[in-house]
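Each chain, written out:
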Amino acid sequence: MGRFFHRTRWATPYALLTPGTAWLVVFFVVPMAYLAKMALSQGLFPLFSFGWAWSNFSDAVSAYRTQFVRSLEYAGIATVAALLISYPLAYWIAFRGGRWKNLFLLLVIAPFFVTYLIRTLAWETILSDGGPVVAVLRDVHVLGADGRLLATSAAVIAGITYNFLPFMVLPLYVSLEQIDGRLIEAAGDLYSNPVVSFSRVTLPLSLPGVFAGVLLTFIPAAGDFINAQLLGTPQQYMIGNVIQSQFLSLRNYPTAAALSFVLMGAILVLVLIFARILGTDRLTAGAAA
Amino acid sequence: MTAATPAVELTTRLPATTRAWRFVRRHVLDVYALLALAYLFLPIGIVVAFSFNNPLGRFNYTWQGFTFTNWTHPLSYPGLGGAIRVSIEIALLSALVSTLLGTLIALALVRYTFRGSATTNLLIFIPMTTPEIVMGASLLTLFLNWKIPQGFGTILIAHIMFNISYVVVTVRARLVGFDRHLEEAAMDLGANELVTFWRVTLPLIAPGILAASLLAFALSIDDFVITYFNAGTVTTFPLFVWGAARVAVPPQINVVGTAIFAIAVLGMLANILVQNRRAKRA
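Just so you know, the sequences run in chain order V and S. Whatever position you read off the first sequence (first residue = 1), add 18 for the numbering used here. Whatever position you read off the second sequence (first residue = 1), add 243 for the numbering used here.
Any given hint could turn out to be false.
To be verified - Taking beta-carbon pairs under 8 Å as the criterion, some of the chain S residues facing chain V (in silico): (1) T261; (2) Q307; (3) Y355; (4) F357; (5) I391.
Unchecked claim - Listing some non-contacts, in silico: residues in chain S with all C-beta distances to chain V over 10 Å: (6) F309; (7) L418; (8) L425.
These are calculated hints, taken from the structure and not from any lab test. For every residue, glycine included, the Cβ atom is placed at its ideal position computed from N, Cα and C.
For reference, chain S alone in the conformation it holds in the complex (with noise of 0.2 Å):
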């Protein structure tokens, strides 16, 4: 019964693990990515998840029960809405700062071709490669040299001072695309260089301005390094969470993160479904 089979079996068997081969050699790909991007969320998901859970002592590390308590009282725990607060202000202060400044050196670097233009380049590249202890240090030198106390206003001017970078580069890829016929049209139409620049040019470029203020907000907000050096008393978010990694970490700790990254997300959301009705429509 069973003698008689092989060779029938061999016949079918072949094209059959050539198809499964096939298909692993076709979907090996999408496996790997899928799991890469698991890879991606697995501590996001364990911060979400955590964030429910009941701690019974002062660090969050193993699970002890659902509770909603941690989501109905966030900033119950001392000293974290003031942390919270700070990161803000110093993100939403440092982003408006640092995207007039990368903005307008954007212009230059992009729109005229001028004497030093290499040596500009140049600055706005090194600190980008430079490691954010060094630079977190070297200011700290500066403050202690120049006598200055540190505090909010240090972090703020550090703050400033890494954003720019980051600002020019995304305004200047925005540029580099940029049709400058339209602007020899608003002046052949009669309008000045200030009206075709705030009429024309602004408009155009304002997705990038948009952009780089996200950015720099964003790495203003998650800065650990710099702040680290140069914070003096004040206390922001991830100082918060540095000085609660020792002590004790709250569960409030995974809330607030979890709500931050909630909103990015779908305020990224929003922009690419915005992008791709407006790219339909064109």
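Here chain V stands alone, though its shape is the one from the complex (with noise of 0.2 Å):
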């Protein structure tokens, strides 16, 4: 058994990764190609047929302009708004959680043990016409006597920015967790003042959590369609609710898969230029300090 495994010794990572990477091919990068060629082809369900038919491409886009706007706009605002809440609580965490860190971390995960659907059906009671939030805001008048908070877009930006909270958290955690202590000691030692050594030396250190929470936020909010469809109203509807009744009331394939194809570039084409901001700016000037 030995000398099989010296003789074949170049084989074995391979034979290792052909099981789970073949899963990946067949079942990832397959249904991406019939995607794609589901964007370029023409016809009535069941029967597509292919045909370079780019102007799926357009029609989407036109067609559904205000979803894609919209779409990115509440995915940004979500993912700015989760990155405030986050920040300050992972700092704390991995600075003042002492042998506690592993216990705070684990309440932080722990709400999101609850299924997806069923905490944003909380929400919905909570931010219910009856309930206690949309009262407060009647008596301080921040709301009309008859506004609401359920169906309106602030309803489904919360929603978002909560769910995909530990997608924020954790890497941050992460980031902030490995700073060395003395680093930011040493910042004091040389006068400088708690909110200079913060943005010299911890902020810098802790942009690599930054961006990987941003990356794992942003993402799955831009195609989401779940907090439109049950905190919000067709008013509210983005590009994932499109997407998701072209595909499963409509059966409009060809159009429905074009918008995928375009919300994952525009997507890309996002991350691509935040990396750059954040890479070639803030990540250098980071290192000079």
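Two chains, two frames, some hints: make the complex.
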């Protein structure tokens, strides 16, 4: 047996890889190719014929421009909100958590063991017209006497912010936890005040976590349709709602497939721009400081 | 009487406000963190509370009265028990298969240098950054083209697919911090590669493999979007909730949600306690 392993050493990694990667190729790469083919097809369910129908893309974009813009806008606002909520929390756990760090981390993740849809339904209860939040906001005249939270953009964005929070907290925590406390002490010894040592030492060192968190939050947020469906109305529908109904209700597969690729393309472009901003400006500045 | 006091008051007050300011500055982060945790748990409190609600109509949105009935008869709602069973079966099977396939990939990536490792890394990374709705839609297109009827099998295929990447990442993290000298020692003592793997490598990376399989289980049992596109007529627990949200939300859904939450938290708590005890012994 040992001799067998020795003689075929070069083949061992491929033998280990093949089953898993084959699964990914057949059930991820190949389906993507079929989706691409579908995006360029024409016809009605279930008979679609391939024909380089590039107009699917332009038609889809012009028909659903509003939902596209709205998706990126909601996802962007929710990502920023999630970052503002998560960064201090992750910082607190990493630097003030002491030996209870793991317990606090558990507390952060625990709510997300309640099924996604049930959490969103709970928000529907909290934000409902008869609920306490609406009552308080009406009393302080933030909302009018018959103002609502449900069925508004605010409700949908709030739902998205909440639902993808662990994707933001965890990478932030990992990058903050790795920071050597002595670096921050050194900054203090060199007479930098807490604000300066945070902005010149801690923040730059945690940027990889910020990047990962933003990525992991923004991508699922931009493709989400559950929050808009449960907390909003068609006025708040995002591109995910359109793709979902085009596929599953209208069975207009070519349009839905084209929309999927435009969504992926838009996300890719935004992520690359974000990486550019964070990578060349801030990261090098942090290294130089 | 009051005319004489201001000067005294000023001198005693100033340090007091400074002290108060210092107190606020020291604890503002604590307060923020506690508020953030409260925010995280607010909906969960609602879910737990409403599992004891006694709703009048079909919707469980407003508080009507306290009852234990939902807890004593959690599966009395038609279709709920079956949906939960399907969810658990798929989560177990997909966790098992994806953990096996993913661990093998992680071993290959960490242990060997070979042509194509960069491509493999990309293949692992891309599914994690693809919106679920696109993955669900592409699988739907595949099954349509191959004329495979959707159901239990197609859900399982999809769940194994999206779990593999997460397993690879989790197991790889454990393998990277692995001391190769332990394996060399075993080989020096005459163990062949298989025995070394079985008796030394596997026990050492077992916590990583366990964590990966738990993650896969959790991801699978909570998945809605990809399942929704590929379920056919089969109903999993999240699909059941989705259907219910449109016609009637029974409090039994809250009971099941609370139960899953409690089991997961207790499991993780036990894990933390065991790790703390191990760390103390070491």
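Right, here's what the structure says about each hint:
1. T261: The hint is violated - T261 (chain S) has no Cβ within 8 Å of chain V, the shortest such distance being about 16 Å.
2. Q307: 12 Å, violated
3. Y355: 4 Å, holds
4. F357: Hint on F357 (chain S): holds, closest Cβ of chain V at ~4 Å, below 8 Å.
5. I391: 11 Å, violated
6. F309: 16 Å, holds
7. L418: Consistent with the label, L418 (chain S) stays out of reach of chain V, its closest Cβ about 12 Å off (over 10 Å).
8. L425: The claim stands: L425 (chain S) keeps its Cβ more than 10 Å from every Cβ of chain V (closest is about 18 Å).
The earlier numbered hints that this structure contradicts are 1, 2, 5.
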